[in-house]
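Protein chains: 2
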Amino acid sequence: MSPQTKLLHYQELAERIADLIGHGIYPQGERIPSVRQMSQQQNLSISTVLQAYGLLERQGLIEPRPQSGYYVRAHVEERLPEPETSSPQLDPSHVSLHDLVMMLMRDSANPNLAQLGAALPHLDERLIQTINRIMAKIIRQRGVDAHQYQFPPGLDALRVQIARRMVNAGCSLSPGEILITCGGTEAIDFSLHAVCRPGDIVAIESPSYFGTLQTLEAHGLRALEIPTHPRDGISLEALEFAIEHNRIHAVVVISNFNNPLGSKMPDERKKDLVDLLSKHEIPLIENDVCGELYFGEKRPVVCKAFDTKGLVILLSSFSKDISPGLRLGWVAAGRYSSEIEWLKFTLSASSPTLPQIAVAEFLEGGGYDQHLRRIRREYAHNVELMSDAVMHYFPERTRLTRPSGGFILWVQMPANVDSLELYKMALQSGITLAPGHVFSATSQFPNFIRLNAATFNYATERAIERLGGMVKDLAKV
Amino acid sequence: MSPQTKLLHYQELAERIADLIGHGIYPQGERIPSVRQMSQQQNLSISTVLQAYGLLERQGLIEPRPQSGYYVRAHVEERLPEPETSSPQLDPSHVSLHDLVMMLMRDSANPNLAQLGAALPHLDERLIQTINRIMAKIIRQRGVDAHQYQFPPGLDALRVQIARRMVNAGCSLSPGEILITCGGTEAIDFSLHAVCRPGDIVAIESPSYFGTLQTLEAHGLRALEIPTHPRDGISLEALEFAIEHNRIHAVVVISNFNNPLGSKMPDERKKDLVDLLSKHEIPLIENDVCGELYFGEKRPVVCKAFDTKGLVILLSSFSKDISPGLRLGWVAAGRYSSEIEWLKFTLSASSPTLPQIAVAEFLEGGGYDQHLRRIRREYAHNVELMSDAVMHYFPERTRLTRPSGGFILWVQMPANVDSLELYKMALQSGITLAPGHVFSATSQFPNFIRLNAATFNYATERAIERLGGMVKDLAKV
Numbered sequence: 001m002s003p004q005t006k007l008l009h010y011q012e013l014a015e016r017i018a019d020l021i022g023h024g025i026y027p028q029g030e031r032i033p034s035v036r037q038m039s040q041q042q043n044l045s046i047s048t049v050l051q052a053y054g055l056l057e058r059q060g061l062i063e064p065r066p067q068s069g070y071y072v073r074a075h076v077e078e079r080l081p082e083p084e085t086s087s088p089q090l091d092p093s094h095v096s097l098h099d100l101v102m103m104l105m106r107d108s109a110n111p112n113l114a115q116l117g118a119a120l121p122h123l124d125e126r127l128i129q130t131i132n133r134i135m136a137k138i139i140r141q142r143g144v145d146a147h148q149y150q151f152p153p154g155l156d157a158l159r160v161q162i163a164r165r166m167v168n169a170g171c172s173l174s175p176g177e178i179l180i181t182c183g184g185t186e187a188i189d190f191s192l193h194a195v196c197r198p199g200d201i202v203a204i205e206s207p208s209y210f211g212t213l214q215t216l217e218a219h220g221l222r223a224l225e226i227p228t229h230p231r232d233g234i235s236l237e238a239l240e241f242a243i244e245h246n247r248i249h250a251v252v253v254i255s256n257f258n259n260p261l262g263s264k265m266p267d268e269r270k271k272d273l274v275d276l277l278s279k280h281e282i283p284l285i286e287n288d289v290c291g292e293l294y295f296g297e298k299r300p301v302v303c304k305a306f307d308t309k310g311l312v313i314l315l316s317s318f319s320k321d322i323s324p325g326l327r328l329g330w331v332a333a334g335r336y337s338s339e340i341e342w343l344k345f346t347l348s349a350s351s352p353t354l355p356q357i358a359v360a361e362f363l364e365g366g367g368y369d370q371h372l373r374r375i376r377r378e379y380a381h382n383v384e385l386m387s388d389a390v391m392h393y394f395p396e397r398t399r400l401t402r403p404s405g406g407f408i409l410w411v412q413m414p415a416n417v418d419s420l421e422l423y424k425m426a427l428q429s430g431i432t433l434a435p436g437h438v439f440s441a442t443s444q445f446p447n448f449i450r451l452n453a454a455t456f457n458y459a460t461e462r463a464i465e466r467l468g469g470m471v472k473d474l475a476k477v
Numbered sequence: 001m002s003p004q005t006k007l008l009h010y011q012e013l014a015e016r017i018a019d020l021i022g023h024g025i026y027p028q029g030e031r032i033p034s035v036r037q038m039s040q041q042q043n044l045s046i047s048t049v050l051q052a053y054g055l056l057e058r059q060g061l062i063e064p065r066p067q068s069g070y071y072v073r074a075h076v077e078e079r080l081p082e083p084e085t086s087s088p089q090l091d092p093s094h095v096s097l098h099d100l101v102m103m104l105m106r107d108s109a110n111p112n113l114a115q116l117g118a119a120l121p122h123l124d125e126r127l128i129q130t131i132n133r134i135m136a137k138i139i140r141q142r143g144v145d146a147h148q149y150q151f152p153p154g155l156d157a158l159r160v161q162i163a164r165r166m167v168n169a170g171c172s173l174s175p176g177e178i179l180i181t182c183g184g185t186e187a188i189d190f191s192l193h194a195v196c197r198p199g200d201i202v203a204i205e206s207p208s209y210f211g212t213l214q215t216l217e218a219h220g221l222r223a224l225e226i227p228t229h230p231r232d233g234i235s236l237e238a239l240e241f242a243i244e245h246n247r248i249h250a251v252v253v254i255s256n257f258n259n260p261l262g263s264k265m266p267d268e269r270k271k272d273l274v275d276l277l278s279k280h281e282i283p284l285i286e287n288d289v290c291g292e293l294y295f296g297e298k299r300p301v302v303c304k305a306f307d308t309k310g311l312v313i314l315l316s317s318f319s320k321d322i323s324p325g326l327r328l329g330w331v332a333a334g335r336y337s338s339e340i341e342w343l344k345f346t347l348s349a350s351s352p353t354l355p356q357i358a359v360a361e362f363l364e365g366g367g368y369d370q371h372l373r374r375i376r377r378e379y380a381h382n383v384e385l386m387s388d389a390v391m392h393y394f395p396e397r398t399r400l401t402r403p404s405g406g407f408i409l410w411v412q413m414p415a416n417v418d419s420l421e422l423y424k425m426a427l428q429s430g431i432t433l434a435p436g437h438v439f440s441a442t443s444q445f446p447n448f449i450r451l452n453a454a455t456f457n458y459a460t461e462r463a464i465e466r467l468g469g470m471v472k473d474l475a476k477v
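Note that the protein sequences, when read in sequence, are chains A and B.
If you count by the working numbering, then the first sequence holds residues 1 to 477, one letter each, in order.
If you count by the working numbering, then the second sequence holds residues 1 to 477, one letter each, in order.
One chain only, chain A, in its complex shape (with noise of 0.2 Å):
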């Protein structure tokens, strides 16, 4: 046998017991077959079985006890209470978040710093492995094609298969409609760029998405913070008191898997948004970056899946389920998208061509949805483990969300912890994190920090547990 297909069986192995308990098979607390039983009943070697535990162990869903054997790992019923509904001034603002972000960005390059702050993804080994043996056949098979330009709106064959995926997202988009961009930032740069002119008042979810912040003052844009459940998103009533007594040029929301807070809107009120923003003639620009790494059953719909008017801005990328380096996003533009495909050609030309023609063959191949099977997994289980952490060390009166979604946890300190103390405290203890203060134009969450659970290890833990301490101490003065 050979040590790659070794490889494969014993993380086969883990991925279906993984499943087993994830449909209650074998139940929480409870023993998992021995690895002498495993090995039997699988017919594989006792040290493939053995890795497979090992890596459901570091995985957190068993537990090894001495003498014993190893057990599905119980978790924690108690929880800590959510964050409750912001409650921003409804004035417009002008963003200036410049400096603390470059610094969370010069953070995030640290190998020597445990990386809470970014929302970097976990680069899992096997999809890597898969895209690279993808870009090596395609650069020994294509070797020019990987090097013409791909002129916007960028490769058809990525672009069909962009819009064969949203088809479970409940939208039926034309390939013609999408748009590829170097990542789903330049996205987000060309979609307001298209809609807004500067002084604009773009309506945002509070907390909102740092980039999305950065963008506005990039643009000159001011942001009008609206009031948004850590479960329902952005508070439909207050936005509609908001357009009725400013100029809304935008509203930006991520509604699935938000950042920070790791919500789903319902669909319903997705639906609402869309028909209120409809009624009034406002673009949406709909930031769907997370969508695919749902903890769910089913990929949750996009707003876009509502639109009748061409009003919604739809855009994503790969920058979280595959590849932060290949710099892939799309955009879907309504109305909007033959001036995006302009500003497009005209501020950035291309995409790269070699990731546009790998993902194509990727998403073609079906490894994308294996893929995604397994990370969706792996996130839930991490922000699950991470919950647990920050419940175990932080203190009292901390709450928590409760992501649905995505990688990231967004916790609420209490009312006296300044996150911005924390992070520098943090720093010195070689951690980084994402503090509140960069989610707000108008520094709305001071006592807030933004985690990623992409990867969850035993240094993280570690990490959290130093972090848990300084925060008692800072609550504490």
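These are computed hints drawn from the structure, not numbers from a lab.
From the three backbone atoms N, C-alpha and C, an ideal C-beta is built for every residue, glycine too.
Keep in mind that the hints are not guaranteed to be accurate.
[As the list claims (entries may be wrong)] Chain B stretches covered by chain A per the calculated footprint, using a threshold of three residues with CB under 8 Å from any CB of chain A:
id	segment
1	155-161
2	188-198
3	203-215
4	349-358
5	428-436
[As the list claims (entries may be wrong)] Short, incomplete list of chain B residues facing chain A, as computed with Cβ under 10 Å:
id	residue
6	ARG133
7	PRO324
8	TRP342
9	THR346
[Unchecked claim] Label pairs and their in silico Cβ distance ranges:
id	chain 1	residue 1	chain 2	residue 2	range
10	B	GLY176	A	HIS94	28 to 34 Å
11	B	ARG106	A	HIS23	25 to 31 Å
12	A	HIS245	B	PRO111	15 to 21 Å
With chain A's structure known, arrange chain B on it following the hints.
Below, chain B without anything else, positioned relative to chain A:
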């Protein structure tokens, strides 16, 4: 002998002969050694020599004469006159070229058209093989590295290589001052974004690269077109006058191998330009994307070499001299560095990772210089052939630039020939070109066209012949 070795042999022989021709060892019009003689002299097979001669013939360096052998091709001495210095109105103007430029972009992706329009480089087969080999190695050896974010300012190793190369252009840049972008287009966007606000006036050359004009349009900036000499570049006298009569926020030039003029601004004038702008504290955005594609002996200096106040924003890319599909450019922005780094992070997050690692290795390994020597010779030769063809097939009263680098030609046709009409006629005949209209915000060049000579072959010559016929017809009306 493996096929790979043999391939290199004939190409190397061809290069050696091309060198001898270049140095006049085989003078123009003279016979070169017969295939049999060369085979004996070099101890190579007849078929290798035949392949080398075939290549030299395709490159237009030698020509076969029946029953006589191969001769060094004679260069046509008589010349068409150059276009005159442009004379635009010195009034700032908003730009509106949207639709026409998008039409050109779509043409450039049409494989059924003779591509004389877009400035697509020749994707040299040997280069592509080398770059692909490097990429395949990186994928194999450093699989995950290629997939990480590579946040601004971008890959250290690549920035070090760029800094080293720029010494040849008279510049001592620190790697820390260099920021990697997704191609040169993005670098232009961020540069203008950093120094201008909507409505501001930007002084540009006349004619000007349409990408610059488009970027002005996208940012709501006003273009002030300055008279420009086809070889000496932007008129410093006119620019000074313009500065005295307008509040100019930035100046954009392509000082080396201008697009579309092909000319290199004399070094002294570069210095004078920098001095003039320093005096008025006006930033200069210098686009040097073709700086390495010189036909002369030496890498020309850049304006940035004379910058003492950090006012020159120098940008370039690897799209014209390596591969456009990789999407790699860079900018050294002096006092605007941190602003542009922030814009890069905010509006595009990062540049594609694998290309950065690959190009850094390519530059480190010395392959780039070897490639540049080859491609410079090829472009010089193709520009020559294209000039000959225009001279031969276009009507009298045609004027033509004398590029000293790059691969494009700027052609002035008789005054009554409208390039847009010609563009439409040419399309019917399977040819696309860039009409003069897109090189000015105020339609200064209705009877000009820009031609791409990067790949000149038999089909190109036939296209120029058909084009010449159309121009003659239009000139008669």
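Quick one, is the B:TRP342 hint okay against chain A at 10 Å, beta carbons?
-> At about 6 Å, which falls below the 10 Å cut-off, the nearest Cβ of chain A leaves the hint on B:TRP342 intact, so it holds.
Three or more residues of the segment 188-198 of chain B near chain A by CB distance under 8 Å?
-> Result for this restraint: holds, n = 4.
Per the coverage rule (Cβ-Cβ under 8 Å, at least three residues), is the segment 349-358 of chain B covered by chain A?
-> holds (count 7)
Mind checking, does the segment 428-436 of chain B have 3 or more residues with a CB under 8 Å from chain A?
-> violated (count 0)
May I ask you to test the interface hint for B:THR346 with respect to chain A, counting a Cβ-Cβ separation under 10 Å as satisfied?
-> holds (4 Å)
Under the criterion of a CB-CB separation shorter than 10 Å, is B:ARG133 in contact with chain A as hinted?
-> At 8 Å from the nearest chain A Cβ, B:ARG133 passes the 10 Å test, so the hint holds.
Residues of the segment 155-161 of chain B with Cβ under 8 Å from chain A, three needed, outcome | violated (count 0)
Outcome for the supplied range 28 to 34 Å, where the beta carbon pair is B:GLY176 and A:HIS94 | holds (30 Å)
State, for the Cβ atoms of B:ARG106 and A:HIS23, whether the hinted interval 25 to 31 Å holds or is violated.
-> Violated, since B:ARG106 and A:HIS23 (Cβ atoms, about 52 Å apart) do not stay within the stated range.
Coverage assertion for the segment 203-215 of chain B with respect to chain A, Cβ distance below 8 Å, three residues required | As far as the segment 203-215 of chain B goes, the hint holds, because 3 residues have Cβ atoms under 8 Å from chain A.
Hinted contact B:PRO324 with chain A - closest CB pair below 10 Å | Constraint on B:PRO324 satisfied, holds at 5 Å.
Is it true that A:HIS245 and B:PRO111 lie within 15 to 21 Å of each other by Cβ?
-> Roughly 54 Å apart at Cβ, these two residues miss the hinted range, so it is violated.
Figure legend: structure checked against the earlier numbered hints; hints not met, in rising order: 1, 5, 11 and 12.
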